[in-house]
Amino acid sequence: MLPGVIIAILVVSGIIIVLILVSIGIYNSMVSLRNKVNNSWSQIDVQLRKRYDLIPNLVETVKGYAKHERETLEKVINARNMGIDASSVKDQAKAENMITGALKSLFALSENYPNLKADQHFSRLMEQLNGIESSIAYARQFYNDMVMKFNTRIQTFPGNVFARIYKFTSRDYFEIEEPEARRPVEVKF
Amino acid sequence: MYEQIAKNRTKTVFIIIGFMVFITMIGFALGYYIDYRYGISGNYSILFMIFALILAIIMSFSSYYFSDRIVLGLTKARPISLEENPRIYYMVEGLSIAAGIPMPRIYMIEDTGMNAFATGRNPANGVVVFTRGLLENLNDEELKGVISHELSHIKNYDILLGTIIVVLVGMIAIISNIILRSFIFGGGRRRSSRSSGGGILSVIFLVLGLLLLILSPIIATLIRMAISRNREFLADSTGALISRYPAGLANALRKISKHSQVEVASNATAHLFIANPFGGKKAAFSNLFNTHPPAEERIKRLENMSLGVGV
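One line per chain: the protein sequences are S and E, in this order.
Numbering (the working numbering) for the first sequence: 454 to 642.
Numbering (the working numbering) for the second sequence: 38 to 348.
Mixed in with the good hints there might be a few duds.
[To be verified] Taking lysine-lysine and the BS3-like style, the derived pairs with C-alpha atoms no more than 27 Å apart in a straight line are:
1) S:K543 - S:K516
2) E:K44 - S:K602
3) E:K113 - E:K295
4) S:K543 - S:K557
5) S:K503 - S:K620
6) S:K489 - E:K295
Keep in mind the hints are simulated off the structure, nothing from the lab.
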């Protein structure tokens, strides 16, 4: 009788130890994924901040040549301030879409001012801005990849069980509206 | 991905250990030779062996830390700045963000041939190198494809293995060359002065000499085995995942494969490049001894990727 009891105790405690080890592993991997998501978000943040720093400079330069285009310039400034104040991923994405749109109309405006287009400082700012915007796009791609990995982990079994216990919640994708890309292709005969 | 990183680390450790064993054996043989030749009782073999082991450890450490500089020196590459070429700078910066690695340093080789490689010991110390011909002849999408390919070599730690091999194997080649020469000369002198000195000694040296003779092709094979051609395919597909545009790299390879010759490339560094730096001629005579898979095969796989879903 006694050896049987000992074996049973050993087996049960063995199973418990294995379960504990496995759950430690799952928990740690979820934490490390969450840290990766946070880190990739800060990558986006760095690029966004670069753009915020550049915008006042750009606005000043444009002002020198096109004083009476106040409305467009204000739109850019307002969008920038909105981006700085944004707290959630969704708000941030919305503000960034506005900035991108406002900057586009600023470029369109520059077409009307040949002197502005010829300005060396302006063209250098434009070059920097293009570089930053492509960096933002890449950072967004990396962030969204990480979010997808994290969300998949906490929504599938057995991750979903642990996610509920430890209160891991799904993260938002950084989505960008691209009206041109979304619009259906017009076919003309 | 993580599997590949682990594989590369293990191979690097094995190569360093192999290198240490080799150097220590040489030290022992040298000591043994001196003992025998001058009749001093067996202390030199141990002494030389320890000395060689210490030397091998120093060499391994320095090759770990400085191999990227040695490779950059061998290929005569120089750093390029943001001011000099903002186009490539912003592309590398953006794509390294997408790959999730720190931005590597950018170097350029003054050569009209189109080629590129990456070096360094880890992503934090990564370097990407392009030839002038590559930067001037590829359009943005193609260049992004090439950059993504090189960044995935960095991310996979292919650069650690590839760069260490250049230096350690290069050193072994030099050392075995020296020994082989001194054996030939030393052997000649000995025979003329002391005809009775033969026996076991000449047998030992004959074996050692033969061993070293056999060694150089083995070294070449070792490089090719360690740097399996699969990693080019792997870097192609990981690269496509970074740039999200496999056709870019496919088009780039089509252009590169016709003009990939780089003058500064040697047998020691050839395996680092994205395409065979000796041009297409060598590929024709033997597929087996090539460090690079044929460009057509790579292009075909990339194009199949672009048809697939999800990328």
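Taking the hints in turn, this is what the structure says about them:
For the hint pairing S:K543 with S:K516, the CA-to-CA distance comes to about 31 Å; that exceeds 27 Å, so the pair is violated. Note on E:K44 and S:K602: the hinted pairing holds, with a Cα-Cα distance of about 24 Å set against a maximum of 27 Å. Distance check on the hinted pair: E:K113 and E:K295 sit about 23 Å apart at the alpha-carbon level, within 27 Å; holds. A C-alpha spacing of about 21 Å is found between S:K543 and S:K557, which places the hinted pair at or below 27 Å, so the restraint holds.
At most 27 Å may separate the alpha-carbon atoms for a hinted pair to count; S:K503 and S:K620 exceed this at roughly 34 Å. Distance hint between S:K489 and E:K295 is unfulfilled; the C-alpha atoms sit about 41 Å from each other, more than 27 Å.
Comparing the model with each numbered hint stated earlier shows that hints 1, 5, 6 do not hold.
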